[in-house]
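Asker: Listed here are the chains, written in short residue letters.
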Amino acid sequence: MHCGMCLPTCPTYDATLRERHSPRGRISLMRAIAEDELPLDQAFADEMDYCLGCLACQSACPAGVDYAELFETSRAEIESAGIQKGVVRGFWRWLTLEQLFMKPRLLRFVGKGLRFYQVSGVESLLRWIGLVKLLPKNFRRLEPQAPRMSVRFSNELIEEVESPVGEKKHRVAMLTGCVQDLAYAEINRDTVDVLVANGCEVHTPPVQPCCGSIHAHNGEEEMARENARRLLDLLPPDSFDAIISNAGGCGSHLRHFAKLLPNDERAKEWDAKVRDVHEFLTEVKVRPPTEAPFEREVKVTYHDSCHLAHGQKVVLQPRAVIDLIPGLMRVDLAESDWCCGSAGVYSLTQPEQSGLLLERKAGHIRTSQAEILLTANPGCHLQIQNAMPELRILHPVSLLAKAYRNEC
Amino acid sequence: MKEPGQIAEEFHEIVGAGNVLTEPADLIPYGFDGTAALRARPSVVVLPGSTAEVAACVRLAAENDIPVTTRGSGTGLSGGSVPPPGGLVLCLVRMNRVIEVDARNLTLRAECGAITAKVDEAAREHGLFYPPDPGSMKISTIGGNVAENSGGLRGLKYGVTRDYVMGMEVVLPDGKIARLGNGCVKDVAGYSMKDLFVGSEGSLGIITEVLLKVLPVPEARRTLLAAFPNLEDAAETVSAIIAAKIIPCTLEFLDQMTIRCVEDFAGIGLPTDCAALLLMETDGHPAAVADEAEKMAQIAGEHGAVEVTTAKDEEESLRLASARRSAFSALARVRPTTILEDVTVPRTHLAEMVSFIAELAEKHQLTVGTFGHMGDGNLHPTFLTDERDKEEMERVHLALDAIVEKTLELGGTITGEHGIGMAKKAWLRQQLGEASYDLMKLVKTALDPKGQLNPGKIFD
Ligand SMILES: Cc1cc2nc3c(=O)[nH]c(=O)nc-3n(C[C@H](O)[C@H](O)[C@H](O)COP(=O)(O)OP(=O)(O)OC[C@H]3O[C@@H](n4cnc5c(N)ncnc54)[C@H](O)[C@@H]3O)c2cc1C
Ligand code: SF4
Numbered sequence: 001m002h003c004g005m006c007l008p009t010c011p012t013y014d015a016t017l018r019e020r021h022s023p024r025g026r027i028s029l030m031r032a033i034a035e036d037e038l039p040l041d042q043a044f045a046d047e048m049d050y051c052l053g054c055l056a057c058q059s060a061c062p063a064g065v066d067y068a069e070l071f072e073t074s075r076a077e078i079e080s081a082g083i084q085k086g087v088v089r090g091f092w093r094w095l096t097l098e099q100l101f102m103k104p105r106l107l108r109f110v111g112k113g114l115r116f117y118q119v120s121g122v123e124s125l126l127r128w129i130g131l132v133k134l135l136p137k138n139f140r141r142l143e144p145q146a147p148r149m150s151v152r153f154s155n156e157l158i159e160e161v162e163s164p165v166g167e168k169k170h171r172v173a174m175l176t177g178c179v180q181d182l183a184y185a186e187i188n189r190d191t192v193d194v195l196v197a198n199g200c201e202v203h204t205p206p207v208q209p210c211c212g213s214i215h216a217h218n219g220e221e222e223m224a225r226e227n228a229r230r231l232l233d234l235l236p237p238d239s240f241d242a243i244i245s246n247a248g249g250c251g252s253h254l255r256h257f258a259k260l261l262p263n264d265e266r267a268k269e270w271d272a273k274v275r276d277v278h279e280f281l282t283e284v285k286v287r288p289p290t291e292a293p294f295e296r297e298v299k300v301t302y303h304d305s306c307h308l309a310h311g312q313k314v315v316l317q318p319r320a321v322i323d324l325i326p327g328l329m330r331v332d333l334a335e336s337d338w339c340c341g342s343a344g345v346y347s348l349t350q351p352e353q354s355g356l357l358l359e360r361k362a363g364h365i366r367t368s369q370a371e372i373l374l375t376a377n378p379g380c381h382l383q384i385q386n387a388m389p390e391l392r393i394l395h396p397v398s399l400l401a402k403a404y405r406n407e408c
Numbered sequence: 001m002k003e004p005g006q007i008a009e010e011f012h013e014i015v016g017a018g019n020v021l022t023e024p025a026d027l028i029p030y031g032f033d034g035t036a037a038l039r040a041r042p043s044v045v046v047l048p049g050s051t052a053e054v055a056a057c058v059r060l061a062a063e064n065d066i067p068v069t070t071r072g073s074g075t076g077l078s079g080g081s082v083p084p085p086g087g088l089v090l091c092l093v094r095m096n097r098v099i100e101v102d103a104r105n106l107t108l109r110a111e112c113g114a115i116t117a118k119v120d121e122a123a124r125e126h127g128l129f130y131p132p133d134p135g136s137m138k139i140s141t142i143g144g145n146v147a148e149n150s151g152g153l154r155g156l157k158y159g160v161t162r163d164y165v166m167g168m169e170v171v172l173p174d175g176k177i178a179r180l181g182n183g184c185v186k187d188v189a190g191y192s193m194k195d196l197f198v199g200s201e202g203s204l205g206i207i208t209e210v211l212l213k214v215l216p217v218p219e220a221r222r223t224l225l226a227a228f229p230n231l232e233d234a235a236e237t238v239s240a241i242i243a244a245k246i247i248p249c250t251l252e253f254l255d256q257m258t259i260r261c262v263e264d265f266a267g268i269g270l271p272t273d274c275a276a277l278l279l280m281e282t283d284g285h286p287a288a289v290a291d292e293a294e295k296m297a298q299i300a301g302e303h304g305a306v307e308v309t310t311a312k313d314e315e316e317s318l319r320l321a322s323a324r325r326s327a328f329s330a331l332a333r334v335r336p337t338t339i340l341e342d343v344t345v346p347r348t349h350l351a352e353m354v355s356f357i358a359e360l361a362e363k364h365q366l367t368v369g370t371f372g373h374m375g376d377g378n379l380h381p382t383f384l385t386d387e388r389d390k391e392e393m394e395r396v397h398l399a400l401d402a403i404v405e406k407t408l409e410l411g412g413t414i415t416g417e418h419g420i421g422m423a424k425k426a427w428l429r430q431q432l433g434e435a436s437y438d439l440m441k442l443v444k445t446a447l448d449p450k451g452q453l454n455p456g457k458i459f460d
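Sequence order for the protein chains is A and B. So the first sequence is residues 1 to 408, counted in the numbering used here. So the second sequence is residues 1 to 460, counted in the numbering used here.
Hints listed in this document are in silico derivations from the structure and should not be mistaken for laboratory results. You may find that some hints are simply not true.
To be verified - The calculated DSSO-like cross-link candidates involving lysine-lysine, where the alpha carbons are at most 30 Å apart (straight line), are:
no. : chain 1 : residue 1 : chain 2 : residue 2
1   : A       : Lys313    : B       : Lys138
2   : B       : Lys312    : A       : Lys299
3   : B       : Lys245    : B       : Lys363
Small disclaimer: the values here were computed from a predicted structure and weren't measured.
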């Protein structure tokens, strides 16, 4: 089927008006490769690099084409064909995919280093001397985007098991995520608070493997599988009523372990139990807070993370959660489910296109005149914060937690 | 003959280097439109940015005897924008501006590549609207709509694209630029040349700009959904509504297979256990709308509807219409290949045609989902099949032939809105008869003697 209904939702088609840069075009290239009409070459690799993987096409496609799977399979094929060479690319992939995001302790260690660098004033000093300019080009690009490290990581903020005061209604596992943990550990704390306030016994292992989404997204299927196995071992799904994720990007990958590990019985049960936190909260009829988070009414708006809206089809629930909180006026954000350009490492690999999308997003946020932007994915959070340092950005659950806290 | 590389250079000079595509990975995605199983790779794709550039491209192509296939967004359903192998595709999506909305004269001027939905949005900013709303309106171009004379969900009351084209600018096969029609409501200065180009499928000229009629947005509208236990009852309801002298804007039909696929995609709570659904809509003066809605509900009830519900607000109406628009693509959930028909019969024969299709599917052991613009007598029986299965494809072709025979026997047409393109060529002569077919061909040879524009479409 090549009806073209996905074209108007594709940010790269919108920017270029070239069929090749559209989902329909990319799928036709995949098909041509499968039928030996086109070699698996650099042109295709470039095309798949240019794709954000935002999955907006998947929401638009009436035929139910699983673009996420096609996308990840293509990137895996490209990796295994070894087309994309280059020492610098190799180094970055090795560092991020094979080291940092495979070794959670190492990642936190690096995080601590960055925290020291940022907090100690070394950062401002270096910037001031202009030393940063001496760093290799790619690193320079990365540097201002390096997230502000959390003052404390999740394991320093959250007990391994936290129980509700009253009746225990649900037993849930809480995934802390990698970027979320490093940059926004307090969101994890807020999530646990909200879950506990809604009758959950929350299990949060202090050291958690990466979910593997970044590996799957970048064509490293074996590493993605390894991470999935480690998570199943750490949090056997039959011990929990639900497995909670609060980061859009992770959740969308977390639901597809059965595809990665077709022979692992636990994977199916895992997939069935993974819940985005807003989705879980609406399912268990979250208790509306009686207090407002702020003293005066505050105008807020909500930006959909691609992988939450398109990858997981969680669109109404975050809005429903926000609307339960007193003292907020939620206004609509134009093109709220249009990608902000963060898209994993896209902002590093395709800075130009990423920048255009970010500008577009920032424009809409300004027009909305909201004082607070709510969003539920650390990638979007970081990206938008970089462009709009003055803007207050929060996770919806953090506002809910704040409202609950004001009750006492 | 010049080398292809040299010709590409000359196109660069006209449209700028970035707008000429010659690499395989750039060309392959222009080798098909929305039609299943029709594919060919062009040798070059050119994306002009203005009428003057289009004209220069057409001249250059003519000098070098390269056939030109015009393309909008490639959503066509008869292979109209599929190039001959090695041909040139002139893709017009860069020319996508809505130039002007003239609220006093109720007209709108747009470049050919403007997206249909954007045209409508531009009109709505002035309290006006552009009625033809094909299922593909979010991405189809207005040029493609004019070239196919597209219909939509509102055809019954508002007509089709042709009814809204007041004028246009066209580039002729020799590269001359002609302006046809004008902004006057009445105009009998000579032949209505613009009408020749409406529905011409890119075979007579390249439409670069259009002047459209737009209408004031009706004050009220109401959307109803009626569920039926069988197909014939739904068809009878349509005939009865029209016989009762009600002209609703929409009478759309979905059979059970289609309802299930659409519900699978849209998840809006359609009743998946009924055999057929009618989506009915009336718009206009609030009093008239209320009256008509009530009468339609009553007629549906008298003709066997088990349930009639009314959309509670504008949002729900839009959701229903947009779900209906996804019907064709949604059917692709069932099998890999979807081959859709576009037959249209006089409305009194609808029930007969609907039962005929159901029996045919049964006889040939085929899966078919039928939906369509029932108020227009226009049905889209869609065969859900697999092009790799040769034996099944043979049965599909037998069924398609039978549908055409039956349609012609009932005084219908083989295509209501998707055009002949490549897909329906084989049956055109049979429908038109010799004299009429020859006349049509005469027009083509008179305007395009060298067969420069869109060869292999409509005629062999
Ligand atoms: C999901 C879906 C739903 C659809 N629903 C409907 C429907 O409800 N009603 C309906 O009528 N059709 C429908 N269609 C068919 C199709 O969308 C229309 O025919 C549409 O008008 C094609 O527009 P396009 O821009 O995609 O044109 P293309 O497919 O690119 O081209 C169509 C034809 O027009 C010619 N052409 C394009 N632009 C120009 C131009 N500027 N000058 C001269 N010739 C030109 C091409 O050469 C070709 O022959 C549907 C298609 C899909 C995929
Ligand atoms: S991916 Fe889906 S929406 Fe896009 S062309 Fe294919 S069937 Fe249509």
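Asker: None of the hints should be skipped; say for each whether it holds.
Answerer: Hints, one by one, checked against the model:
Distance check on the hinted pair: lysine 313 of chain A and lysine 138 of chain B sit about 21 Å apart at the alpha-carbon level, within 30 Å; holds. A C-alpha spacing of about 29 Å is found between lysine 312 of chain B and lysine 299 of chain A, which places the hinted pair at or below 30 Å, so the restraint holds. Proposed proximity of lysine 245 of chain B and lysine 363 of chain B is contradicted: the alpha carbons are some 37 Å apart, above 30 Å.
Violated hint: 3 only; the structure is consistent with all others.
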